[in-house]
Every structure is written in structure tokens, then in C-alpha cells.
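Peer 1: Whatever position you read off the sequence shown (first residue = 1), add 30 for the working numbering.
Just so you know, these hints were derived from the structure itself, not from any lab. C-beta: ideal position from N, C-alpha, C; glycine also. You may find that some hints are simply not true.
[What the hints assert, rightly or not] If you anchor each label on the Cβ, the simulated ranges turn out as follows: (1) Q62 to G110: 42 to 52 Å; (2) P123 to K64: 34 to 44 Å; (3) L186 to G146: 13 to 23 Å; (4) A74 to Y120: 13 to 23 Å; (5) A127 to Q62: 31 to 41 Å; (6) T56 to V237: 35 to 45 Å; (7) P71 to S183: 45 to 55 Å; (8) N192 to V90: 27 to 37 Å; (9) P71 to D109: 14 to 24 Å; (10) A128 to E150: 15 to 25 Å; (11) S183 to R76: 17 to 27 Å; (12) T56 to R145: 43 to 53 Å; (13) I231 to P123: 41 to 51 Å.
[Stated by the list, open to error] Keeping only pairs whose Cα atoms sit at most 27 Å apart, straight-line, the calculated DSS-like set for lysine-lysine is: (14) K214 to K203; (15) K214 to K37; (16) K187 to K37; (17) K86 to K187; (18) K37 to K64; (19) K100 to K203; (20) K86 to K37.
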Amino acid sequence: METALTKQPQLICLLADHSCADLYRTEMLDVQDKNCVAHNPSLAQRMDWQVSRYLKQQAVLPVLSLSHSKGSAAVLTGDGVSHAGVDLEYMRPRDFAALAEWVAAPHEQEYLAQRGWLSEDFYELWTLKEALLKAAGLAFPSDMQRVGWQYDSDGLKCLHVNQQGAWNGISAKMGNFMLACVWKGQAECMLEAPRDMEVHITKRWHVCGGNG
31 METALTKQPQ LICLLADHSC ADLYRTEMLD VQDKNCVAHN PSLAQRMDWQ
81 VSRYLKQQAV LPVLSLSHSK GSAAVLTGDG VSHAGVDLEY MRPRDFAALA
131 EWVAAPHEQE YLAQRGWLSE DFYELWTLKE ALLKAAGLAF PSDMQRVGWQ
181 YDSDGLKCLH VNQQGAWNGI SAKMGNFMLA CVWKGQAECM LEAPRDMEVH
231 ITKRWHVCGG NG
């Protein structure tokens, strides 16, 4: 029998798109969200708000982090995990080289340039950075260069916050969206989405080897 001592940390990332907006229920908002709507009633009409709050209302585990973009949303829930974050971004054409100078470390910029400034590469990095900022309690955008990926002692890419590499993560694609979930510790992260939503995990990130 599982006890408090043997219970394993767990993470579930809930995903949904605009098709779930009609399932949003104002009466099911938590106190914090009710206060937000009271101060800004127009929030309740925004699709991003409706979808993300619908997902919060479906959560079985405590909500750790959430993100929304272009009518889709991700809500990361978990138990036994102290630091976790999620970010979801709609992939659109940008001046990736100019943005990278602002948010990416030199080795990250070099990698993106060598790959030809691919949209998926940039948004993978961007979402990881935003998720790490949320998990570590750092500031956007001022701390973007303090987080991201680095090379470990084996020459493999791994995640870090201030060069500390004790982070796991998942990168995934949902159509034209890029998703990142990051966390500290040994938990496994499950993605839960509607049946008609195609979600493809593109990379699993593991704690840095060696000194990381």
C-alpha cells in the first residue's frame, strides 16, 4: 500500500484549445480568479482566460503553473514537486536573430545560427526559458539569459538556472504551438489532451551529467 513515505512525486500537464472555451464556468472559478474578474471583467470574455480556467477546473492535483496563447492553454499540476513551470507559445515568423541577441546566451545564439534560425528551434528555447523562469521564481524578461540550456560534461544539452543543472523537462509540439514543462526532482510528467488534439513530444530533458 502506498503511504506518505512511498508516494511518488507526479506531474500532469493539462492541455486544451479553443474548442473547450464553451466549457468554462464562471461559478467554478477559485477565489483568486474571481477577484481577477471582479477587478477586470473583460477577462471573462477572453478565450485564453476561458480555456486556461476551464483546465484549472479540471485539475485533480494542485495547479503549479499555467500558460496560454492564441486560444490554447496548458496547466501544469503536480504533487510532491516544489519547483515546476510551463510555457506555451504560438509559433509565428519573427526576427529570431534579433530576439536571440536579447534573450539567448552566446552558445545558444551560435546553435540557433548554425541550424539556420529555424522557428521550432527558437520556440523550443524560448518556451524552456519562460518555463524555467516561472519554476525558479525569476523575472521576465530581465532574467532570460540566466536560464536555458547548457552543455554538460558529456557534451549533451541539458537545462540550467544560473548554471545549476538539476532540471528535467519536456518539449512538445501541438500543431503550430510549442510547449515546455520543466521541474526539479525525479517526477515523471504526463501530458493530457483532448482526443482530437495531436501532441508530439520532441525532446525529454534530463538532469545534467557530471558537474552540469
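Peer 1: Taking the hints in turn, state whether each one holds.
Peer 2: Hints and how they fare:
no.	hint	verdict
1	Q62 to G110: 42 to 52 Å	violated (23 Å)
2	P123 to K64: 34 to 44 Å	holds (38 Å)
3	L186 to G146: 13 to 23 Å	holds (22 Å)
4	A74 to Y120: 13 to 23 Å	holds (22 Å)
5	A127 to Q62: 31 to 41 Å	holds (39 Å)
6	T56 to V237: 35 to 45 Å	holds (42 Å)
7	P71 to S183: 45 to 55 Å	holds (53 Å)
8	N192 to V90: 27 to 37 Å	holds (33 Å)
9	P71 to D109: 14 to 24 Å	violated (33 Å)
10	A128 to E150: 15 to 25 Å	holds (18 Å)
11	S183 to R76: 17 to 27 Å	violated (46 Å)
12	T56 to R145: 43 to 53 Å	holds (45 Å)
13	I231 to P123: 41 to 51 Å	violated (24 Å)
14	K214 to K203	holds (22 Å)
15	K214 to K37	holds (17 Å)
16	K187 to K37	violated (30 Å)
17	K86 to K187	violated (32 Å)
18	K37 to K64	violated (33 Å)
19	K100 to K203	holds (15 Å)
20	K86 to K37	holds (23 Å)
Consistency note: the structure conflicts with the earlier hints numbered 1, 9, 11, 13, 16, 17, 18.
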